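Enquirer: Chain residues, written in single-letter form:
Protein chains: 2
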Amino acid sequence: MSDATASRSPYWLRDNCPCSDCRDPRNGQKLFQITDLPEELRIAAEVEQDGRLEVLWSDGHRSRYPLDWFTAPAADPTAAPVSTAAGDRRSEAGKRLWRAADFAAGIPEARWADYLADPAEQAAVLRAVQRLGFAVLREVPTVERQVLTVASSFGYVRETNYGELFDVRIEPEPNNLAFTSVAITPHTDNPYRDPVPTLQLLHCLENAAVGGDSGLVDGFQAAALLRAEAPADFAVLTRTLVPFVFRDRHTELRADRPLIATDPLGRIREVRFNNRSIGRLQLPDAELDAFYAAYRKFAAITLRPELQLEFRLGPGDCLIFDNVRLLHARTAFEPGGTSQPLEGAGGGRRHLQGCYADLDSLASTVAVLDRRTAALDELQTLFEGEGAGEYLGEAVTQAEHMLQAAALAQREGAPDHLVAAALLHDVGHFTGVVTGRQLMEGQDNRHSDTGADWLAQWFGPEVTEPVRLHVAAKRYLCAVEPAYRAGLSEASEYTLQVQGGPLSPERAAAFAELPGAADAVAVRRWDDAAKVADAATPTFEHFRPLLAALMR
Amino acid sequence: MSDATASRSPYWLRDNCPCSDCRDPRNGQKLFQITDLPEELRIAAEVEQDGRLEVLWSDGHRSRYPLDWFTAPAADPTAAPVSTAAGDRRSEAGKRLWRAADFAAGIPEARWADYLADPAEQAAVLRAVQRLGFAVLREVPTVERQVLTVASSFGYVRETNYGELFDVRIEPEPNNLAFTSVAITPHTDNPYRDPVPTLQLLHCLENAAVGGDSGLVDGFQAAALLRAEAPADFAVLTRTLVPFVFRDRHTELRADRPLIATDPLGRIREVRFNNRSIGRLQLPDAELDAFYAAYRKFAAITLRPELQLEFRLGPGDCLIFDNVRLLHARTAFEPGGTSQPLEGAGGGRRHLQGCYADLDSLASTVAVLDRRTAALDELQTLFEGEGAGEYLGEAVTQAEHMLQAAALAQREGAPDHLVAAALLHDVGHFTGVVTGRQLMEGQDNRHSDTGADWLAQWFGPEVTEPVRLHVAAKRYLCAVEPAYRAGLSEASEYTLQVQGGPLSPERAAAFAELPGAADAVAVRRWDDAAKVADAATPTFEHFRPLLAALMR
Chain Z
1 MSDATASRSP YWLRDNCPCS DCRDPRNGQK LFQITDLPEE LRIAAEVEQD
51 GRLEVLWSDG HRSRYPLDWF TAPAADPTAA PVSTAAGDRR SEAGKRLWRA
101 ADFAAGIPEA RWADYLADPA EQAAVLRAVQ RLGFAVLREV PTVERQVLTV
151 ASSFGYVRET NYGELFDVRI EPEPNNLAFT SVAITPHTDN PYRDPVPTLQ
201 LLHCLENAAV GGDSGLVDGF QAAALLRAEA PADFAVLTRT LVPFVFRDRH
251 TELRADRPLI ATDPLGRIRE VRFNNRSIGR LQLPDAELDA FYAAYRKFAA
301 ITLRPELQLE FRLGPGDCLI FDNVRLLHAR TAFEPGGTSQ PLEGAGGGRR
351 HLQGCYADLD SLASTVAVLD RRTAALDELQ TLFEGEGAGE YLGEAVTQAE
401 HMLQAAALAQ REGAPDHLVA AALLHDVGHF TGVVTGRQLM EGQDNRHSDT
451 GADWLAQWFG PEVTEPVRLH VAAKRYLCAV EPAYRAGLSE ASEYTLQVQG
501 GPLSPERAAA FAELPGAADA VAVRRWDDAA KVADAATPTF EHFRPLLAAL
551 MR
Chain P
1 MSDATASRSP YWLRDNCPCS DCRDPRNGQK LFQITDLPEE LRIAAEVEQD
51 GRLEVLWSDG HRSRYPLDWF TAPAADPTAA PVSTAAGDRR SEAGKRLWRA
101 ADFAAGIPEA RWADYLADPA EQAAVLRAVQ RLGFAVLREV PTVERQVLTV
151 ASSFGYVRET NYGELFDVRI EPEPNNLAFT SVAITPHTDN PYRDPVPTLQ
201 LLHCLENAAV GGDSGLVDGF QAAALLRAEA PADFAVLTRT LVPFVFRDRH
251 TELRADRPLI ATDPLGRIRE VRFNNRSIGR LQLPDAELDA FYAAYRKFAA
301 ITLRPELQLE FRLGPGDCLI FDNVRLLHAR TAFEPGGTSQ PLEGAGGGRR
351 HLQGCYADLD SLASTVAVLD RRTAALDELQ TLFEGEGAGE YLGEAVTQAE
401 HMLQAAALAQ REGAPDHLVA AALLHDVGHF TGVVTGRQLM EGQDNRHSDT
451 GADWLAQWFG PEVTEPVRLH VAAKRYLCAV EPAYRAGLSE ASEYTLQVQG
501 GPLSPERAAA FAELPGAADA VAVRRWDDAA KVADAATPTF EHFRPLLAAL
551 MR
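Residue numbers (full-length UniProt numbering), protein chains in the order written: chain Z, 1 to 552; chain P, 1 to 552.
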């Protein structure tokens, strides 16, 4: 038995068989149940060849594992996309705990416009929410309901009894202290909900009030301090079920949850902290005493000045924070004119709009954005590496050729998707199974198809189809424009033959009917014109934002 | 020290102080933080008087507790609305575990129309979902997106990467097995989400396929059986973090959760079961062996025939079930014609629409519906008890009088809200601090106001305002219709004086301007006419559905 499988748990190995009988190739989901495996499962035989380990099972099934599957789990999409210790990044193991001083140089923030334009920037903001528990978007348009647009940029809005979104300003008959002007000490929202919303967004539309500043405390940090300073109290808070309750005319919610929830490995995973909604515990008095002693100690820690991060939300700021980790607070303020003016007015208006969302979709968005950034990096590497190689005997390199084509398209004011198509039209030369050199040796690498299929991982048909058709477009133009063919370079005239020569009149007519024909012809003309030696061309960097925007 | 507070935890007692300095009277939320209480808190003195215990605290604060607060916790709105053992009803302690045979007499179900008409019926259906984990609504209109209407009747739709709603039918490029025709063994949905949607709805629009039946298994029952038969395996599944993963072009989700989650008291609280999305565990091999052995044992239990409840969803059926407790399954079927016909067609179409929602809002809806039912019961008790008493010297009882008024309104085809107003116009006589008898002794009990305010707990202004104005309407009519006053009964003429006599011309004009004036006058005329001795009148029961509908 090989080192790879020696002493491996057979059911684990078989449960992870990558073959297409075991996993749906279309979606990667497993096609069998664990109970479909025999009572006695053994490895009957195994052979290593061409970098794969083939296992023959006692029930006759064959599994083939790439050898790096055993050495580099991360290479396996079904394995942890992050370190095993951090896991799904929801416990303290996946967080960076902080104190206020850690942000002396500034809090995690980004401009809304940059967040929208650059997948790396967006991922950085969302990753801050994942790791630190919060981030602030600046210059978010101060229009009503914009907070829902922010939430939709990374996930789904979670509606509650407070509505799809809620207005944080003074209300005459508040059903919640948030809608008054009193100070609110650090707390988490909706503790009486289960599932509790794991994210909250607060978008500031106006804040001319005196006071009304925002505060954040890292609840995981506070819990970790309690664990270090008073382990017994920490244990009490992790095992005491606290009834959180909320009741108004239309609602009656209750959730029995601990103030500090740990995962099966004992790691801090969720904090609920909100004295306003703690109901009446029903416990033996000894346990009540122990709970209140621990609770008071934990509460005191959350109020330590070194843990209090304070800042002021101004118009256009949108705070996104982890509602099962961070405690948020608000200083008292002088109520100014509001939609329903109250007595004691003075100071200016304060109006925030908030909504709830969840961490799972945010994490998914981070992962997908990282994939896009990786794709752009891969393309850039192609341009700067392989692309520097010679281009089918032309006077320019492959990269120069494609960059020139894109620059021509841009100069002519072509829409972004055509600039991208011009830039990427020949990537098939890189990624095709057959190289450009082989094409020059008389074998068509159908680089237009292989390129279009490869690009389809990230781009829509508006980009991939002109790429797919750019060779056909050449054969079309040769059929309908004698002058065009006469202008072809020597190399291009040669590859025309390999590619099948000019289209027949019938096929030329059919081509002209294709929806993408005009775009393909446009790309083709930039392609043909993009072979100027030593012409000044922009770098790949120049086109990155344009490509990033098209990936959405 | 009294028995009530002897050996009571002082912080617990003080944290539950009901005074208006400690709790916002408008929303019942606490106005202080636990850290606001002094380090050393003692009871300085206490006295019992008129059914209340007054406690003087060492910091000078005074708390007054109704004595039954100590004896009957349920009477305290901040205490558990249900038995402490059951708590928030989310753990096994709040459920009724079942086997298929328990539904030999039929599964929990109701007609959509009845569910909408009767709060008790709606509560019964939703309570079945809470306690048993599922219920089926019949005769739900088979129109697209109707499933969202069902979800909105008790909570909020939880959007996911599958959309706000998802269509369960064959798709050519499925990103999930649900969208194929293969059999799907018992599982829970979205285990790779955290928070996982706690409820799922499946609304059948058509099901003419051969096969494609539905199955349910009580995952809590299966887990309880595992605990009883193999405690060590149960323990392994509660402490092993399993990476659940899902990945497609737009999504990359991961949640590390145990297959069986218990609460801090060790009670079963959540089950996740879905082999299709279990990723690659990274554990020492000994732990992998232990996990897979326990996992296979648990999986085998879920497949026991006695646990499999099978039924067929027909057009118009909407299944609502607990997605963190019940496992759902589907038998394979022959794909029939679909929106995208596939090869191998045969059999008929099968089309379900599904969406997700959450248990917390469902529980809240049950509680609020129960309040409405309690209110209707209270009203009925008033009519059948106190109401049987004599009515201010008239020849009919209070109840007969109000029932006659409502019957008259209904006979004249009055809208429901006016029938209700006529029925309830005199409840102030019951609930007012001053009784009708005292009114007859010359003291105005302002029963119209007290009645309207009391009714405002459940009814909108279209019902309460005519009640509020029905006395003013009498004084108005006396001012503008001499004939009306002449027709008043002797008792009514007497009470007119107590109530302030006819309105002055100015006030009569002002009254006529009130938005509710016409409705109040209508109610008043039914009021005056509803004093016929021995007239056949419908019972309160007759009006219950009408009142229930108005409470929404």
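Keep in mind that the hints were calculated from the coordinates and are not lab data.
These numbers come from a predicted model, not from an experiment.
Any given hint could be a false lead.
[What the hints assert, rightly or not] Straight-line Cα separation of at most 20 Å, EDC-like style, residue types lysine to aspartate or glutamate; simulated pairs: (1) Z:K531 / Z:E386; (2) P:K297 / P:D285; (3) Z:K30 / P:D248; (4) P:K531 / P:E412; (5) Z:K30 / Z:E48; (6) P:K297 / P:E287; (7) P:K297 / Z:D36; (8) Z:K297 / Z:E384; (9) Z:K297 / P:E490; (10) P:K531 / P:E490; (11) Z:K531 / Z:E412; (12) P:K531 / P:E310; (13) Z:K297 / P:E40; (14) Z:K297 / Z:D233; (15) Z:K30 / P:E171; (16) Z:K531 / Z:E506; (17) Z:K30 / Z:D59; (18) Z:K531 / Z:E306; (19) P:K297 / Z:E39; (20) Z:K531 / Z:E384; (21) P:K297 / Z:E40; (22) P:K531 / P:E493; (23) Z:K297 / P:D36; (24) P:K297 / P:E229.
Enquirer: Against this structure, judge whether each hint is valid.
Expert: Tested hints:
| no. | hint | in the structure |
| --- | --- | --- |
| 1 | Z:K531 / Z:E386 | holds, 17 Å |
| 2 | P:K297 / P:D285 | holds, 18 Å |
| 3 | Z:K30 / P:D248 | holds, 14 Å |
| 4 | P:K531 / P:E412 | holds, 17 Å |
| 5 | Z:K30 / Z:E48 | violated, 25 Å |
| 6 | P:K297 / P:E287 | holds, 15 Å |
| 7 | P:K297 / Z:D36 | holds, 12 Å |
| 8 | Z:K297 / Z:E384 | violated, 59 Å |
| 9 | Z:K297 / P:E490 | violated, 71 Å |
| 10 | P:K531 / P:E490 | holds, 12 Å |
| 11 | Z:K531 / Z:E412 | holds, 17 Å |
| 12 | P:K531 / P:E310 | violated, 58 Å |
| 13 | Z:K297 / P:E40 | holds, 14 Å |
| 14 | Z:K297 / Z:D233 | holds, 8 Å |
| 15 | Z:K30 / P:E171 | holds, 18 Å |
| 16 | Z:K531 / Z:E506 | violated, 31 Å |
| 17 | Z:K30 / Z:D59 | holds, 18 Å |
| 18 | Z:K531 / Z:E306 | violated, 63 Å |
| 19 | P:K297 / Z:E39 | holds, 11 Å |
| 20 | Z:K531 / Z:E384 | holds, 18 Å |
| 21 | P:K297 / Z:E40 | holds, 14 Å |
| 22 | P:K531 / P:E493 | holds, 14 Å |
| 23 | Z:K297 / P:D36 | holds, 12 Å |
| 24 | P:K297 / P:E229 | holds, 10 Å |
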